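> Sequence:
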Amino acid sequence: MFRKLQVVEKGTDFRKATSIASFPIPEHVESGRVLVRNHYAGVNATDINSIQNLYGPQYTVPYDLGLEALGEVVCIGDGVQDVAVGDYVAVYWPGGYSEYQDVPAEACQRVPSLDPKYLAINVSGLTAAVSLGELCRPKPSDTALVTAAGGGTGSIAVQLLKKKYGCQRVVGTCGTPEKAEFLRSIGCDEVLFYKKPADELAADMRRAAPNGFDVVYESVGGLLQRLAVEHLAPHGRLVFIGGISGYKDGSAWRRPTDAVDTSSTDYALLHNNFLLRRSAAVSGFLLPHFRSVIPTYFADLVQRLDAGALHVRCDPEGLRNGLENVADAVDYLHSGVSYGKNVVRLV
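Quick note on full-length UniProt numbering: the sequence shown kicks off at 1 and runs consecutively.
Simulated from the structure, these hints should not be mistaken for laboratory data. Careful: at least some of the hints might be erroneous.
Distance windows between CB atoms, simulated [said to hold, decoys possible]: (1) 25 <-> 163: 39 to 49 angstroms; (2) 295 <-> 202: 56 to 66 angstroms; (3) 202 <-> 283: 35 to 45 angstroms; (4) 178 <-> 84: 40 to 50 angstroms; (5) 16 <-> 275: 48 to 58 angstroms; (6) 277 <-> 30: 46 to 56 angstroms; (7) 21 <-> 308: 38 to 48 angstroms; (8) 308 <-> 11: 38 to 48 angstroms; (9) 140 <-> 52: 22 to 32 angstroms; (10) 58 <-> 284: 18 to 28 angstroms.
Keep in mind it's a predicted model, so treat the numbers as computed, not measured. Heads up, the beta-carbon is just placed ideally off N, CA and C, and yes, glycines get one too.
Let the sequences and hints guide you as you build the complete structure.
Listed below in structure tokens is the structure:
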């Protein structure tokens, strides 16, 4: 038997919404699929959205939870060629909070070992790498801004912007001196603390980038997103990969007319006017829409990580053991003190 975490009641209370269930370990898998024994599962801010079924198809409860895992292939179906039994793989497929997982072979990317650092470059790393490469296309002359830069995806975005794309200046936002020190160590040229009044934060942005930001990697939403739009440079590109500030209270999913601290139509017009006057662009991003390019970007991330050109931090305070403690791990990720990648050990 194996166990997995499932959503049994849609809602915003993670503990109330989820339950652990037991199932027989499959003896075989269908053609094109593999069975993975998961050793680690990745914790993501969007787990809060998943228990509300805010993404993709509308599932009927109970449904599986979790975006990603790291494990060993223990069985393969007919026609599978890219992975073999015994391979270590990073899995990107719904249902990662599971001790065993039956997934399509294309959802697996081979990794050298079961070191959780390879989980840190899976969803978090791919989101940064693919969105920047496919939508923002940074240049060496660019000044870039990364919000929530101390998080699992933001910290990778900082390094890619600085080291892969050679941006002349990379600015990051965070909330604590500890995170600021970490960000400077991975290449941030300047760190802005976001816990201050809007006018002060806006002044900090103007000082950090007098000519505006050419590239913005945005994952917070709310005030930070608005200020980032207002400080885009001509031809600036902002990619919006999430709105963590509004996940718990649901504000990230409200229409602008319902959003806190906005004034209905004026809010949308304000954004449109800033974009129009600067020939700037704001793009949304969801990783599943880019599955065809994942193998290329993942291979590059592994190469950079193994060569020491990319550094990831698996937050030791965020590590939890067992499916029983996934809720604690999710709470810690949203606490504001976590930085780097948070994982749950399953084995």
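> Now tell me if each hint is right for this structure.
Status of the hints after comparison with the structure:
no., hint, in the structure
1, 25 <-> 163: 39 to 49 angstroms, "42 angstroms, holds"
2, 295 <-> 202: 56 to 66 angstroms, "41 angstroms, violated"
3, 202 <-> 283: 35 to 45 angstroms, "23 angstroms, violated"
4, 178 <-> 84: 40 to 50 angstroms, "42 angstroms, holds"
5, 16 <-> 275: 48 to 58 angstroms, "40 angstroms, violated"
6, 277 <-> 30: 46 to 56 angstroms, "54 angstroms, holds"
7, 21 <-> 308: 38 to 48 angstroms, "42 angstroms, holds"
8, 308 <-> 11: 38 to 48 angstroms, "44 angstroms, holds"
9, 140 <-> 52: 22 to 32 angstroms, "41 angstroms, violated"
10, 58 <-> 284: 18 to 28 angstroms, "20 angstroms, holds"
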